[in-house]
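These protein sequence lines are chains A and B, in that order.
According to our numbering, the residues represented by the first sequence are 7 to 315, in order.
According to our numbering, the residues represented by the second sequence are 2 to 313, in order.
Derived by calculation from the structure, the hints in this document are not laboratory data.
Check before you lean on any hint, since a few could be wrong.
To be verified - For each label pair, taking beta carbons as the anchor points, the in silico distance ranges come out as:
1) A:Met227 / B:His179: 53 to 63 Å
2) B:Pro206 / A:Arg87: 47 to 57 Å
3) B:Lys45 / A:Pro77: 29 to 39 Å
4) A:Pro88 / B:Glu143: 27 to 37 Å
5) A:Arg28 / B:Gln161: 20 to 30 Å
6) A:Phe210 / B:Tyr259: 44 to 54 Å
Because the structure is a prediction, the values reported are computed rather than measured.
Beta carbons: idealized from backbone N, C-alpha and C, even for Gly.
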Amino acid sequence: MGTNDMIWGYLVHLGYNMWSDRPVDRPNIGAQPHIRFDESLWNDMVPKMHDAGVNLVVIDLGEAVQYESHPEISVKGAWSRPRLREELGRLRDTGIEPIPKLNFSTAHDTWLGPYSRMISTDIYYEVCGDLIAEVSALFDKPRFFHLGYDEETAGHQRNYLYAVMRQHELWWHDFEFFRNTVESHGVRPWIWSDYAWNHPEEFFEKMSKSVLQSNWYYGDMFEEATDEREQVYVKTYDLLEGHGYDQVPTGSNWSNTVNFQRTVDYCRERIAPERLKGFLHAPWHPTLEAHRDAHLRAIEEIATAVRGW
Amino acid sequence: MANNDMIWAQLIHLGSNFWSDRDPRPSGWHTEYVDAQPTLRCEKPVWDGLIKHFAEVGINTVVIDLGEGVRYDSHPELAIEGTWSKADLAAELAKMRSMGLTPIPKMNFSTAHDAWLGEYGHMIATPTYYRVLADLIAEAIELFDNPALFHLGMDEENWQNQKHYSLSVIRQYDLWWHDFLYMVEQVEKGGARAWIWSDYVWEHPDMFFERMPKSVLQSNWYYGHEFNNEITGSRTYIDLEKHGFDQVPAGSNWSDPYNFEKTVHFCSEHVAPERLKGFLQTVWKPTVERRRHRHLEAADEVGIARRWFESR
């Protein structure tokens, strides 16, 4: 696979109500009734991403779109469908492929509003099905649809008002619902792979190969990691490869400035070219001017990695 | 308080779908009867025998955990195979009263114990949930002819107690209080006094003592053998007393056959008579023949403890 076929992806947040349903000490983590997206920053990012070699942007939509099927979940300032379509067209014109992301992990679904308290009910399945259908159409049948599905644990929801976890067979039941729904639109599902960290046996027994995997690890130690948990996170790249999954390994400048390049180096050595579909950079900062520096530095990190590739 | 005013209660299960919404054995939880079933696990001959025995040993109050055991007019969709009709239960309540037993309704709205709520257990803290909850409380109060007390459960709402379930739900911070106070409001609207398990205080003492209304009757529970200030479960009786709450301490033969007696001894010493409203014995087994002896021995413990208490 040549460089041109590789995904050099960037995760951007249009919506940001993906964490706590109550105010918490950390800035921006509490959900807000209005959009948090500075177009001035975004408009500067797009050409820089292009110049850096970014060829795919995963857009975390959340509460920031006025969905036709469920307008009740959009917040003040949410983009209209034409506005989003216009932006998707602009991205494509720039040579960047837009990919939708709706995170259906219960740890990251505050954006779903009332439906986040109706997990695994008939209403929930109906709403999620509606949203996937609508977004797939809005993105003109994208190649991929990122479902999130990470960190659905009590620990990750310890600061929320409402913590809910699907467990055992139910996690898989619902995941299969999402996979089948996305695939029914001719789109390939894409998820964060961290469920494998704590449930490796069932993950590798039940996870369909049709699902694109993004394991993620944001530390600075790879082969040399001594922390037992860090070893699990890193080794998951190897396990996914060993089990023959397609991967888009994900790095970040969330904790340090070396992770993305090291993720690229580590995975290039260990994942067969036919299964290494690319890399994704996930800064996890809101698209707000206050976080301009982190975004621009993340884009620079991708540029460096692309040049080195 | 005269001895005759003291509550000497035993908890009996009409419904039993209060734990796992799945068979938890594959994930390592092998305790019997904890998985929800589509058929009622309450055998009438056992029930009849226990009620008779309760009256004989000196029990004067029976807390009935209703769950899926009653076909509610407001929500018949919660009924399972074998669920009692309201008329059947009303007849049992009348029989209990004729035997000197006061029946008290219990509906456990803790998310750790609400498998009996069916799909509504997946809609916690939604408008639908609040409506269902209010409907059920009102209907139970009417069915029990305006009982003095209404047990709301509300225990063990944490992940540890739901780790084997398909769906684990935890209300936290203000939401726990919002929902709890809503339940209390529904109970008090019906003229009854709300009664709960007090274990929320174990992990949240400051919040509990700041926000828990004194109008709510407290049943701390501790089922161990040793009682001292180092053990949270037993120390909580003293903490509740220090903060002036009315209590009905709860014991059990779950893990120690002498726990109930020890609970009575300990709390008689540490809780002022005016706030010690009685004691509650729990077995935590369904009302089935296979576990009849556990209920009987538990009731016998109440009789022994009551005799000791009244002979002081």
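* To do: Could you check the hint for me, namely that A:Arg28 and B:Gln161 are 20 to 30 Å apart, CB to CB?
  => Distance hint for A:Arg28, B:Gln161 holds at roughly 22 Å.
* To do: Kindly confirm whether 53 to 63 Å is satisfied by the beta carbon distance between A:Met227 and B:His179.
  => Given range 53 to 63 Å: violated, Cβ gap about 44 Å.
* Pairwise beta carbon distance, B:Pro206 to A:Arg87, judged against the given window 47 to 57 Å -> Since B:Pro206 and A:Arg87 have Cβ atoms about 51 Å apart, the given range 47 to 57 Å holds.
* If you check the beta carbons of A:Pro88 and B:Glu143, does the distance land in 27 to 37 Å? -> violated, 55 Å
* Could you see if the CB distance from B:Lys45 to A:Pro77 stays within 29 to 39 Å? => At roughly 53 Å between Cβ atoms, A:Pro77 and B:Lys45 fall outside 29 to 39 Å, so the hint is violated.
* Is the gap between the beta carbons of A:Phe210 and B:Tyr259 within 44 to 54 Å? -> holds, 50 Å
Violated hints for the displayed structure, listed by number in ascending order: 1, 3, 4.
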